[in-house]
Structure formats: C-alpha cells, structure tokens
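Put together the whole structure using the sequences plus the hints.
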Amino acid sequence: MSRVQGRSRRVRQARGARRAVGVLTSLAVLGMWEAVGRSGSVMFLEPFSVAARGAWDLVSGPGLRQDVLPSATRTVIGFFVGSSLGVAAGLLLGHFRALDPWVRPVLEFLRAVPLPAVLPVAVLAFGPNSGTRVGLIALGAVWPVLLNTMDGARTVDAGFVDAARAAHVGRWRVVSRVIWPACLPQVFAGLRIALGISLIMMVISEMVASTSGLGFFVLQAQRAYAFQDMYAGILVLGLLGGLFTLLFTVVEYHMLAWYEGQKGIGRG
Amino acid sequence: MPTIFPNLPTGQGNLSPFMRLSMDSARHYRRRYIGRGAVEADMTAVRGSDSASRPIRRAEDTTGAARDAGARHRPVRAAKGIGGVVGAVCVWEILRATSVLPENNAPSAGAISSALFNEIGEGPLAMAAAQTAYAWAVGFATAASIGVLLGTLVGLSQWADAATGPLFTFLRPIPAVALVPVAIVLLGLGLRMQTFLISFASVWPVVFNTRYGVRNVDPLHLDSGRILGLRRLALVRRVVLPGALPAVFTGLRLAASIAVVVTVVSELVASGAGLGHYVDLHQQVGDMPEAYAGIVVAGTIGYLVNAAVLAADRLTVRWRAITVGGDQ
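Chains as they are written, first to last, in the working numbering: chain L, 1 to 268; chain V, 1001 to 1328.
Hints listed in this document are in silico derivations from the structure and should not be mistaken for laboratory results.
Just so you know, not all the hints are guaranteed correct.
To be verified - Lysine to any residue pairs mimicking SDA-like chemistry, simulated, CA-CA at most 20 angstroms apart:
1. V:K1080 <-> V:Y1303
2. V:K1080 <-> L:D100
3. V:K1080 <-> L:A98
4. V:K1080 <-> L:Y225
5. V:K1080 <-> V:C1090
6. V:K1080 <-> V:V1091
7. V:K1080 <-> L:L99
8. V:K1080 <-> L:W102
9. V:K1080 <-> L:R154
10. V:K1080 <-> L:A89
11. V:K1080 <-> L:V106
12. V:K1080 <-> L:S60
13. V:K1080 <-> L:H95
14. V:K1080 <-> L:L110
15. V:K1080 <-> L:P105
16. V:K1080 <-> L:R97
As structure tokens, this is what we get:
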C-alpha cells in the first residue's frame, strides 16, 4: 500500500472517530436528562423518553393540524413577506445612495425596537388574529434583510456597475443582473438572522392572546401543569427550527454555489 | 495587496498599486511640464506630513459609509437624519389620519412624547428601563463570557469541536422563547430565570463567531508567534485571541440585540418588572400613550446597546483598519 493511501485512510478513520465522539456526547447528554428526570431530584423535570413520546403524539395526533401546522405556516408566510419587503426596500435604498443619510437613523432605531414590546399593543390594535401574528413575524424579519441588502447594494464593486453601464445595460437590468447577484451573499447573511427572529416571533406571538399554535400549546401546558406536553411542545419547536434551518442551508448552498469559487478572486 | 509595513514612514509601500501608478504618472507629468521642485513639494502635500496615520485614513476611505461619516459631512448628515425622523413622525400622523392605524389605539406623536417625559420624570418608566437594562447586562455578560470561552475551546481543539458539534446543531435552532415555560417551572420567576433565557438565546452567535475567528487566524501570524518563542497558552493569549477579536465582536453585536429582545420577552411573560411588563400593564389598563412611550424607551435601549458594542469594537480593535482595509 502506498503512503498516500495509508494517510488518506488514517484521515478517514480520524474523521469517523470524531463523528463517533460527537454522537456519543449527544447521547450522554440525553442520557443525563433521562437519568435526572427519572430520579426525580429536579422538580417538574420529565425524562427525555416521556417528552419524546409526547412529541410523537403531538405530531401524529390532532395536534398536528391544530398547533404544529398553523405555527409553521405563520412562520413561513411571515418570513417570506418580511424578507421580500426587506430585499425590495434594501435594493432601492442601496441603489439611491443619496437617500441613505435621511433614512438610516430611523431604520436603525426601528430595528432596535424589541418587537415583543410591540406585541401587546399590536394585538390590541389589530385584534388577536393570525394576520397580526404574521405581520409581527414579517416586521421582525424585515430589518436584518433590509439593512444587509442595503449595505450589500451600496458596496457592490463600482467596477462591475461601470462595466455594465459602459456596455449600455439599462438601469433596471444593472440592478437585477449586476447589483442583485453581487450582494446576494450579504442578503443571505441577513436572511439567516431573519429566520431565527421569525421563529422567536412566532413562538412569542402565539403566547399572547392566542388559541392555536405551538407557543400557545407550550404555555398552556405549563399553566395546566401538563409537563409531558410542555416538554413535547418544546421538542417539536426545536425540530421545526432545525428543519427550517436545514432547508435554508440547502437553498443557500445552491444559490451561492458560484460564490464559494469566487472568494479571493479580484482581491489580490 | 496586503499592507505589510503600514507604519513605514517613507517610500510608497503603503500605497495601493493604483495609487502608486497614478502618482507615478502625475510625477512624470509634473517633471516634464513644471519642474522638479514643485513635484516633491506636491507629493509631500499629497502624502501628508503625518504619514503614519495615512494608511488608516485611506483604509477608512474605501467604504462609502466611512467616507460619508467624515467630519466635514457630519452636520449635514445629522440634519438629514433629523429630517428622516421628522418624516417618520409625519408618516405616523398620516397613517393615523387616514385610519390605516386604528385611531383610538394609536395615540398622536405629541401624546406619546408628553407621556414619555412625564413618566420618565415621575419615575416609573425610568425604573422599568433600569430594571430592563440590569437584566440585560447580567444575561449578556453571562452569554459573552460563556460564549467566548466555549468558542475558543471548540475553535482550538478539533476534538472539543467534534464532541459538541451535533449537540450545538440540535440546541441552536430551538427558539429560546420556547424555553420560557421550562425556565419558569425550573427556575421560578425572577432574575435567575431571566438570566438563563437571555444567555441561552444570545450565546450562540458568540460561540460560532469566536470559533470562526479562532479558526481563521492568519497562519503567518501563528508561525511568527511560534518562531518568537510563544508557548501554547501565550500563543492563544497574544496571537489567537487578538486575531479573533473582530469576529468575536461581530458575534457580541448580534448577541447584544438578541439579548434585548429576550429580556423584554421574559418580562412580558413572566416577571413583574421591566419595560415588557410596563408596556403590557399600560396596554391592559388602556393608557396607550404610556404603552407607546415604553416601546420608544425599549427601542432606545436597543439602539444604545448596539452603539455601545460598536464603540467598544472600535476602541478595542484599532488595528482592523489596517489589517482588513489594507488589502483593498
């Protein structure tokens, strides 16, 4: 066997060992949760197996249509509405740079407002319905996307834009074919933050004056001392968050595949 | 091209190829048409007498934001910003007048600002803001210290990274507010519960950005440190951590604003204090101007927190202008 082959096998073995260590650590933590839960030394802590069974009941029973799907739908709609608005406004404000000093302080302030503080007021003003909740999720998703798109569009290499103009490319096509792809990596960085905020806003908006959704389910379970349901709801929320993050990563990977190869070019 | 000797007082080692080219052609032009003495005087004027500060200024000049923020434009910029705020208030009033916002639930800007002044002057709003700021500070400090420690550990050690990787992948996407009920049940109402929630929510960006920063320390710097005889711990302290600092600050900034959000959530749902509670209370009683004043104060805290982390970043990472901007 050649030395190179031997080395690559060692590398593969080390990688396998590391993966095993990772899985073992996760199992150890779950085992600890199970053991502490069973021993009853921490009050109100249910073991993992009980929580997992509850989570399975939740997604396989009527809870799926009553709580899980409404939550997922609200998150998705809110995220899409908010981020589309953010991208559109961000491209506009980034393209017309003169607007920047006028709007930036206001935007920075609005972004800094913690939305949960707006929640009670919004529920009172617009009613405790799905629309209000989706609106709040969208409002949370707008800011990171808007500011990142704006910064991305502002700092696009002026050479690209000049080259396109010199080739008599129209204004709209410069935005759609040059500026938009060039700021896409930064847009995705904003979208990733927006996704996390959307999930947070989904849960918290369902905790106030709601009758459906996972946030409602979890809080209700806690108030009714139904701890199996409470832990089950949190597990499902975690899985939902993981699922959305995974989907997002796949989309990002495909849309930014060209970018990975571009890094480093055009700098040296 | 990276600037290798940014503080070199003479020569053109600190100029970009393009600048050097344009200065060469300018010199050629002058030498030919004006005469030698004028050229040298002119070049000194261009380069400036304080050449050590030159690369920093040039690096800042490369981004539009920094250029706009130049001292010369500051008053104009501030005036435009105030204009934007006035515009936003006008939009608010127009939305009220056209009943896009329900009129009885959306008080006028005047009512909100008078409520703001009264409530701050008489104390309750200032008290709530102080409670929020305190809970935020405790939670954020916890998250920052745990996050930097953990991030450094998983950044340095592949085994630590491998051991925690899957666990972090599961834990991170859990929306922290989903843990509100558990935190209440296990930790009760109060600061302990708040600290747990705030730090759980805001620790992740710190961990992952620190890890990224530690991983991406320039190998050249590491080798130089080793050649200069730094042992493991000293290498971490003197080379790795300073090198990772810009990335750490990115994480801290994200964490700081997440922490504000979760602080308000914890107050809204569970604690009898702070701005979240203040807004909720006044909304239930029907004092809408006071509720909106609470929101404005919450926004101000968020804004200040962001500005404070940015300022700390700028004060601590002074070399960023050279190392990052230098290669543009």
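Given pair status - D100 (chain L), K1080 (chain V), alpha carbons within 20 angstroms: 9 angstroms, holds
Holds or violated: K1080 (chain V) and L99 (chain L), Cα atoms, limit 20 angstroms. 9 angstroms, holds
Has the given pair, K1080 (chain V) with C1090 (chain V), been kept, meaning a C-alpha gap of at most 20 angstroms? 15 angstroms, holds
Pairwise hint evaluation, V1091 (chain V) against K1080 (chain V), where the allowed Cα distance is 20 angstroms at most: Holds. K1080 (chain V) to V1091 (chain V) sits at ~16 angstroms (cutoff 20 angstroms).
Assess, step by step, whether the Cα of K1080 (chain V) is no farther than 20 angstroms from the Cα of R97 (chain L), and give holds or violated. The hint holds at about 13 angstroms.
Given the proposed pairing of K1080 (chain V) with A89 (chain L), does the C-alpha separation stay at or below 20 angstroms? Holds, because 19 angstroms separates the two Cα atoms, which is no more than 20 angstroms.
Quick one, are K1080 (chain V) and Y1303 (chain V) close enough, alpha carbons at most 20 angstroms? Roughly 18 angstroms between the alpha carbons, so the hint for K1080 (chain V) and Y1303 (chain V) holds.
Could you grab the alpha-carbon distance between K1080 (chain V) and Y225 (chain L) and see if it respects the 20 angstroms cut-off? 55 angstroms, violated
Does K1080 (chain V) pair with H95 (chain L) here, judged by a C-alpha cut-off of 20 angstroms? Holds, because 18 angstroms separates the two Cα atoms, which is no more than 20 angstroms.
Hint check: K1080 (chain V) vs V106 (chain L), CA-CA at most 20 angstroms. Holds or violated? Holds, at roughly 11 angstroms.
Check the hint pairing K1080 (chain V) with L110 (chain L) against an upper bound of 20 angstroms on the C-alpha distance. 17 angstroms, holds
Below or equal to 20 angstroms on CA atoms is what counts here, so check K1080 (chain V) against S60 (chain L). This hinted pair is violated, its Cα atoms lying about 56 angstroms apart.
Against the hints set out earlier in the document, violations occur for numbers 4 and 12.
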